[in-house]
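Model the full structure from these sequences, guided by the hints.
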Amino acid sequence: EAGVTQFPSHSVIEKGQTVTLRCDPISGHDNLYWYRRVMGKEIKFLLHFVKESKQDESGMPNNRFLAERTGGTYSTLKVQPAELEDSGVYFCASSQIMGDEQYFGPGTRLTVT
Amino acid sequence: QKEVEQDPGPLSVPEGAIVSLNCTYSNSAFQYFMWYRQYSRKGPELLMYTYSSGNKEDGRFTAQVDKSSKYISLFIRDSQPSDSATYLCAMSSNYGQNFVFGPGTRLSVLP
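Respectively, the protein sequence lines represent chains G and R. The first sequence: position 50 = 50 (this note's numbering), numbered continuously. The second sequence: position 8 = 8 (this note's numbering), numbered continuously.
Simulated from the structure, these hints should not be mistaken for lab results. Be a bit skeptical, because a hint or two may be false.
Computed cross-link-like contacts, EDC-like style, restricted to lysine to aspartate or glutamate with a CA-CA straight-line distance of at most 16 Å [stated by the list, open to error]:
id: 1; chain 1: R; residue 1: K2; chain 2: G; residue 2: E42
id: 2; chain 1: G; residue 1: K41; chain 2: R; residue 2: D7
id: 3; chain 1: G; residue 1: K15; chain 2: G; residue 2: E83
Note that the coordinates shown come from a computational prediction; the quantities given were computed from them, not determined experimentally.
Here's what the structure looks like:
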């Protein structure tokens, strides 16, 4: 069974540009989570989808971040426009049932210059 | 004060040693406690998941939760070089929602 995959593995963009990160959860997992770890800080929750609906988006930092999960399969996280402080590693995780173990992807390392 | 505190290390131990990793927290509403292991350039991997106070054992790993002291621990017995990784604690007040992570402790087990 394939695990959670994320694309790209690394992205380098200039301040003001747009970047879209993609997460493919484990097949059949209704719950999809986004987290990020900025430089030197702990991993922080961003938001949680149940199928295509946003269950909890309390961790989204501001309106430059837009997450979507159309069709309830893969999810995208768009940052527009990117700022220097957005640099970090963005993780996606999925679980079959809320409360079950969350399986993490390898992360996308975003560098904003 | 951060919600979850964890000594970042690095912590170096010889192979076979017992390792003790700890987190303290400030939010008394936390009820669900997790320990993750993260290898370099990989995502976190769940090791232990406990509810409320008490102990839980799984192979060489034991998790302890002391809610009265707001203190959780992970013990690794007979540590192996393959245990070298960053260990993250995480906790939440609601089942399966909005985990709060500690910054992680980097562990090196030397052969």
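Query raised in the report: In ascending order, which of the hints set out earlier in this document are inconsistent with the structure?
Result: Every hint satisfied by this model.
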